[in-house]
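**Student:** Given the structure of chain R, go ahead and fit chains X and E onto it with the hints provided.
Read top to bottom, the protein sequences are chains R, X and E. Numbered per full-length UniProt numbering, the first sequence spans residues 1 to 384. Numbered per full-length UniProt numbering, the second sequence spans residues 1 to 123. Numbered per full-length UniProt numbering, the third sequence spans residues 1 to 372.
Just so you know, nobody snuck in bad clues.
Now the stretches of chain X that chain E is said to cover, found in silico as 3 or more residues with beta-carbon under 8 Å:
#1 27 to 37
#2 42 to 48
As a list, the in silico SDA-like pairs of lysine to any residue whose alpha-carbon atoms are at most 20 Å apart:
#3 K233(R) <-> F198(E)
#4 K231(R) <-> A260(E)
#5 K238(E) <-> L118(R)
#6 K180(R) <-> L195(R)
#7 K144(R) <-> P349(E)
#8 K164(R) <-> T181(E)
#9 K302(R) <-> Q377(R)
#10 K175(R) <-> V203(R)
#11 K231(R) <-> A273(E)
#12 K328(R) <-> N54(E)
#13 K144(R) <-> V342(E)
#14 K108(E) <-> V54(X)
#15 K108(R) <-> F89(R)
#16 K88(E) <-> S98(E)
#17 K34(X) <-> Q45(E)
To be clear, the hints were calculated from the coordinates, so they are not data collected in a lab. These figures come from a predicted structure and were not determined experimentally. Note that beta-carbon positions come from the ideal geometry of N, C-alpha and C, so glycine has one too.
Residue-level listing of the chains:
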Amino acid sequence: MSLLKSIADLTGKTKTLSIGSAPYFNQVRNATKRAAGSRTNKNDTAGRRLGPKVHEGNFVKPGQIIMRQRGTKIHPGENTDIGRDHTIFAMEPGYVRFYYDPFHPLRKYVGVSLTRDLPLPHPHFSPRSRRFGYEQIIEPEAAKQEEGHMSRKEYLQTPELKQKAEELEELLSNKRTEFKTEISNKLGESTENLLNLIVERMVNIYQLSRVGQSIEEAQAQVTFNYIYDLKLKLNRGEIKDADSFYSLKEYYLNNVANATNSKLAVDSTGTIFDYLTPEQVQIKQAEIIKQLENDFTGKIIKLEEKRSILNLIETPGIFTKEKQAQLKSVFLPRVLPVTVPGTIADDFDPKKPGKGVTVVRIFDDKTKEVKTYGRTQNAFVPQE
Amino acid sequence: MRINSVNASTQRVVNQLSALSASKKQPKLLNLCKEDLIKHKTITNAWNVYQRKVNEKRHIQLNAQYKSIHEAMEDLKQTSPQLYALANKPEKKKKFPLDMRMPTDYPPTKPWVYNYEPSQKRK
Amino acid sequence: MISSSYARPLRYLGRYYSTKIWSDFSKRSETLKLIDPKYEKDLLQGINPDQGPNSLVQPDRRLAYHSPVAIDETFKLAYEYLEGESAKIYAKIDDKKSVEETDRLLVKAEQYNPEVLFNIENSPTQIDREQPVYRKYLQEKWESHDRMLSMQRLEQLHVIPDTMPTLDPKVEVKVKFPHNTVLEFSEWIEPGTILPAFAVDKPPTIQIQEFDRVAENSLYTVLLVNPDTPDLETNTFKTTLQYALTNVPLSNSNNVVGTAKLLDDDFAKQHVAREYEPLVPEKNAQLQRACLWVFRQSSGEIKASIGEEDNFDIREFAQSNSLEAIGAHVWRQQFDRSVNQVRQEYGLPNGRVFHRVRKAHPVIPAGTSNVV
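Chain R with its partners taken away, still in its complex shape:
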């Protein structure tokens, strides 16, 4: 309606009353106040019983209401919280303190201090005062039951964890038997006890090398673990005295650790091999790469060649896992490059390639054109 009116105004078709046209003007004031009360004028509610419910220094229990208010006349301070209707209640048992916080100078706070003599707010850089609040279960039976109690999450995960632990244990026991025969072959005659110690050591080194530790790091760590366990045994009283601790330690260091460190090593796949120093490893790496380049680059790779390449790359203790993957991608591509002789069919019809010829279209970067090749079976490295 108002829009219509304003349009009408613009077009100038309506008559407007100009004050100048009237000679005089009588003003009349009528009564605007309703004489009788109306339906909406007597909605007075009862008081909401707002205000503090406890006072400075009073003891409160957790959940006890300290203050009822509209809006935050007072803010919740330490050990208190605020409800949906801004009710402030205690979170901890203690003594009520009304205070100002230097970080918010315009606010009033109410907090609960845990002891009677503790002022609030607590100094900014001093440790917080905290309540432990958990009660010890004295009765052994109940304590045992509570200790065995699992959360739902833990309960659901238990079977999977158990299965994984069993699988690991099986793997390690297999490795133990495997290592035992190999080590006794390599080191010759030794006592059962010593052999077991060496086998256990190699199994531990194997586990550490699986998480990416170098052989030297793993050797040091396993030695440390053994000596540390011996020390704990001494502390527990399972080893008689310091002398026998030292003799056990010396025995392990001389006969197990130092005797095998320079002889045996194990890699992350669990293969035992003769230890090589880092310098020797470098030389060997260069040798293997040279051999790969000379013997297998630019030549057709059959299953036999593939196996010998794999053997070279996976020579234990020479290359890391990442390096092995890189070498495989370089020396064992899925498809050999077109430069390898014998992988390109000489005469072929792109429409009807004969049996055993695959048509491949490759973009030549230099001439900027797509070339069509017929690849023979030899171009594809056999997959096992």
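**Tutor:** Leaving out everything else, chains X and E in the frame of chain R:
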């Protein structure tokens, strides 16, 4: 009849681009190998170092210019206070004519236009 | 092709002489050279388009790679210019300069060296931390993320102010437990992680990376405290000391206290002031924080031994020995199924068991009778 200023294939590309979102039309991020990334950084570094030196040099020169102007005025103040007052007399409504020459870093080939006349419009 | 608008600045750059300081290792350290020599040709001479860059592993990706137009020529100009600038800075270094001033100049002279930049990018674990320029880049990296993260964890988990009042971190503190055979626990630990007891049952390896030059004979103290040990007498918590290393000499490069050092009997005797004892939280005692603090010893060697008191006051200890807190780390632990095993290993009695539900008993002020 619709008059096309571009040919049909160009118009098609224009239509396709108008349908693409702005983010698709952003230039691609530099996708360089490690070596080239370091080269790129080195080139940028060299350019920044060079620019910094140029700016420093200019700053020093401007400071020196200001200092010599200041000293000349101080000198004038000592030797002839009258001339100093005359030189510093505020000249109301008299500004350097803006259409005479754009302010630039370097002096023009013809340093001063002695018979300068404002353009016709300003008259 | 370089367009004509770019030609001018390049010509200007080309005027600068080159003194080949970056290929001269008679005065500079060998560690400023490219660590991995296989990248040298690609970086300094240019990538052979028939072979592709060495940093790409896959052969087909290598061949498909194209360098930006004229990058090698431009790089050569830039290299010569920066090398010349570096030579000018090296000329300023002499014996009269203070150590800090020399370090500052060394950083300035080497910070744009592409070999240094490549080393930082490609092999950050192998760089020589004695070189100020490498430390500068390490510090930048630390400040951009790890320092903020660790301060966030320290503040949000209230390590500050429950143990020490505050911290202005100067060093990067990294912690790992290398005895673990599971990848999840054997790596460097992010501050605040919840760890099971079996993962922490041997002493940790601690790396303390200083970014300023470490003065000779500077000593460090490392304290591991648990501020959440339940104190049933007062119904609050007390702080226990779990591990203490004192008078540990460290340098910029020799900055790890770990297995290799602890294996050495002399080191253990001189520096381990309190044997390591892992946190073994009791059932329903909630999460406990293992707070590891690193201090610089500002007044030389600490001679006094650490007492066996029940409640360890780390603030008092730091003040009385004038220790300056320079870094911290935190991980958390709670009761899990491996706690009892670890307790047995360390000869500790079985843990108490607490009610699952928290009760409303108030705190009992110390010194009052034990009436609830």
